[in-house]
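Enquirer: Single-letter residue listing:
Number of protein chains: 2
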Amino acid sequence: MRYSELFGKTAREAPKDESSANAQLLIKAGFVEKLFSGVFEILPLGLVVVKKISNIVREEMNAIGGQEVSLTSLQPKELWDEHGRWEKLKGAMYQLRDSSGKDIGLGFTHEEPMVDLVRSRVNSYKDLPIYLYQIQNKFRDEPRPRSGLIRGREFLMKDLYSFSSSKEELDRFYELCAGAYKKVFDRLGLETVYTEAAGGVFTNDNTHEFQVLSEAGEDTIFVCDKCDFAQNKEIAKVKNGDKCPNCDGQVKEERAIEVGNIFRFGTAYAESMNLNFTDVDGKKKPIYLGSYGIGITRSLASIVEVSHDEKGIIWTESVAPAQIHLISLGANSEADKLYEKLTKEGKEVLYDDRDVSAGVKFSDADLIGIPQRWVISEKTLKENSVEVKKRNEDKVILQKLS
Amino acid sequence: MRYSELFGKTAREAPKDESSANAQLLIKAGFVEKLFSGVFEILPLGLVVVKKISNIVREEMNAIGGQEVSLTSLQPKELWDEHGRWEKLKGAMYQLRDSSGKDIGLGFTHEEPMVDLVRSRVNSYKDLPIYLYQIQNKFRDEPRPRSGLIRGREFLMKDLYSFSSSKEELDRFYELCAGAYKKVFDRLGLETVYTEAAGGVFTNDNTHEFQVLSEAGEDTIFVCDKCDFAQNKEIAKVKNGDKCPNCDGQVKEERAIEVGNIFRFGTAYAESMNLNFTDVDGKKKPIYLGSYGIGITRSLASIVEVSHDEKGIIWTESVAPAQIHLISLGANSEADKLYEKLTKEGKEVLYDDRDVSAGVKFSDADLIGIPQRWVISEKTLKENSVEVKKRNEDKVILQKLS
Chain A
192 MRYSELFGKT AREAPKDESS ANAQLLIKAG FVEKLFSGVF EILPLGLVVV
242 KKISNIVREE MNAIGGQEVS LTSLQPKELW DEHGRWEKLK GAMYQLRDSS
292 GKDIGLGFTH EEPMVDLVRS RVNSYKDLPI YLYQIQNKFR DEPRPRSGLI
342 RGREFLMKDL YSFSSSKEEL DRFYELCAGA YKKVFDRLGL ETVYTEAAGG
392 VFTNDNTHEF QVLSEAGEDT IFVCDKCDFA QNKEIAKVKN GDKCPNCDGQ
442 VKEERAIEVG NIFRFGTAYA ESMNLNFTDV DGKKKPIYLG SYGIGITRSL
492 ASIVEVSHDE KGIIWTESVA PAQIHLISLG ANSEADKLYE KLTKEGKEVL
542 YDDRDVSAGV KFSDADLIGI PQRWVISEKT LKENSVEVKK RNEDKVILQK
592 LS
Chain B
192 MRYSELFGKT AREAPKDESS ANAQLLIKAG FVEKLFSGVF EILPLGLVVV
242 KKISNIVREE MNAIGGQEVS LTSLQPKELW DEHGRWEKLK GAMYQLRDSS
292 GKDIGLGFTH EEPMVDLVRS RVNSYKDLPI YLYQIQNKFR DEPRPRSGLI
342 RGREFLMKDL YSFSSSKEEL DRFYELCAGA YKKVFDRLGL ETVYTEAAGG
392 VFTNDNTHEF QVLSEAGEDT IFVCDKCDFA QNKEIAKVKN GDKCPNCDGQ
442 VKEERAIEVG NIFRFGTAYA ESMNLNFTDV DGKKKPIYLG SYGIGITRSL
492 ASIVEVSHDE KGIIWTESVA PAQIHLISLG ANSEADKLYE KLTKEGKEVL
542 YDDRDVSAGV KFSDADLIGI PQRWVISEKT LKENSVEVKK RNEDKVILQK
592 LS
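From first to last, the protein sequence lines stand for chains A and B.
Residue numbering for the first sequence follows the numbering used here, starting at 192 and increasing by one per position.
Residue numbering for the second sequence follows the numbering used here, starting at 192 and increasing by one per position.
Pulled out of the complex, with its shape left as it was, chain A reads as follows (with noise of 0.2 Å):
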């Protein structure tokens, strides 16, 4: 990428009433830029980092068996009607009514129509389990939109669905799917806590909740400094400073950003939504369900939140939207050479061929946080070198172009 020709520049200013790190950060290197609050426009710098995180989640979906399909946003009010939450969701989903006078909803999630899908399709003990997921826009009707891309009232979510022909199939799942969350964010180089929550508008029972530490968070969770008991403060019995219920540690109050949850809810799409399949004895019995989300956009703002500093993002390596940065300081020939060259080799280089002074290319750099910033210029090429510094690391070395 040629930084001359790529639309969405750094910008001076991000709006005055996003002040969450992610949000300035992200509007000013030129991720992101808003539209109204709560929806939040993917800039092509953004979209980069946006399909990295995307096809990391969608690897370690496959892995576990998940298929991917592509469900709508555009869903029937008779099938929320079933299970009873077009009435409960009320004012948190989308919804209205069509030039025919049919009420719609936005796909405020998915568990309604993934259950529809299946038991039109799957009759037999020999269709499951099954495992389906999605990377697509959720749209919820927040009245307070807030914490940038944290919470917004349009977002992208990979939301998976699990089909299991027993409570057992459904536990084993469950935990192969927290395995495969644990690598998810490790391999986004986000630390997370295991955390047991509430079910909010899903389900009565106990759910996990993986939670990024950060100040940006909304969510306040109990943590012990010695084993790993971690509680969402919605259902613990813990607060500050208490003694771990667990072990001899000491509890802490965090606030959290969740950018993962996992859910079980057993059999009951079976009896609300006549969720069924035939077993090997012929007999009709309830298909087991769980659901299971990570929040794309809000996990690329959990990765501003947890890695920046005050000049700008530092992009952990997996998901940046280029591996080098290179800087042409009045050596523009030889640097459209080197960029051909490492281009061709395969390499991501956002390659700043600008006419700006040095100034405004390294601050932009630092904004943009780009994991190594190369800077080509004279001075470098008496040395037949490049000056390397990494982002995170304030030592520059020059490396010798071979």
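Keep in mind the hints are simulated off the structure, nothing from the lab.
This list has only true hints and no planted wrong ones.
If chains are identical, the list can't say which one is meant, so a pair holds when it fits in one copy or spans any two.
Below, computed lysine-lysine pairings styled on DSS-like, alpha-carbon distance capped at 30 Å:
hint	residue 1	residue 2
1	Lys225	Lys329
2	Lys268	Lys329
3	Lys329	Lys219
4	Lys581	Lys219
5	Lys538	Lys374
6	Lys373	Lys242
7	Lys293	Lys281
8	Lys552	Lys317
9	Lys586	Lys532
10	Lys538	Lys242
11	Lys474	Lys219
12	Lys475	Lys552
13	Lys570	Lys535
14	Lys243	Lys538
15	Lys200	Lys586
16	Lys225	Lys474
17	Lys207	Lys317
18	Lys329	Lys243
19	Lys317	Lys200
20	Lys580	Lys219
Fit chain B to the given chain A structure using the hints.
Expert: This is chain B only, laid out in the frame that chain A set:
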């Protein structure tokens, strides 16, 4: 892919109210499912095809300088009032009021938010031209959705917007994009007619459409039998059998599917939405806008319409869900080995490993429509061979297993 594990197997029946070949075949073959009128869900096999079509479009858009972004479905009324389309689109655009009292429309098309994005990020002639595109669902409140995936309420589209500093640059890109569209449809195996047309709710100027001749289409166009004259009925001053206005040929009436269209808005948005730039001479000048669409799911449906027989779909190689449909007839351990070998070689194989009759496997293979069917059985193994048949040929050949 092992067919035994695949979600979305063949179904005996498709909904009776879907009379089009594309909906009937895509539902029966397990590529899509219908949620309600005009709203289709994409199953795993269908998603492979959708992604292949999308990637061909993406490659050709990148080749002419397109930069991919992802705008939102939720759009504020204020933005659509600027060019006067909020009122104009009433009854066609889904419009709703959120819980805070804000009026929101669902992405019917994206000229307004694209113009808004570019005016906020582009100031100087140095930033132009810019070509932005996205591949994303559009929403249209169709009173009578019809023809299966050809005219739906929610559908996948590629939309590109060009921002130019002069009429000449817009014209140059318009021709360039027309050429890229021709390449896209050639790669998809779709023969298209480049047709002059009207601009609908988009522009008063004439536009161009890429039309696939098919009885499933909703458009009527007049095409000359000798030259490249082609006009949509909306603007045509000729009728069936008339002499061609451009040569001594004869004009014929055809029903057709519009799979792509290109529009020149010129400075219409510069005037209504203040879409300007500062030129090299320091003067404020209007930006020239163009808009270019390709229906992704509509292209998929069109491929099925023009390429099927009474047994099922016949996929074009470039977008087929797999290259090889491997069938085991009582030779499972050899078939397993062959499947592993082909997969390791990077071949895309749908492997029917089910315990069902040869007849079911053959008719499912014909319905699904993968370009090559390979049959392995005790009979073929005696010759150390597989039986290979192309979907679009009757000939069966024995091919040695290496």
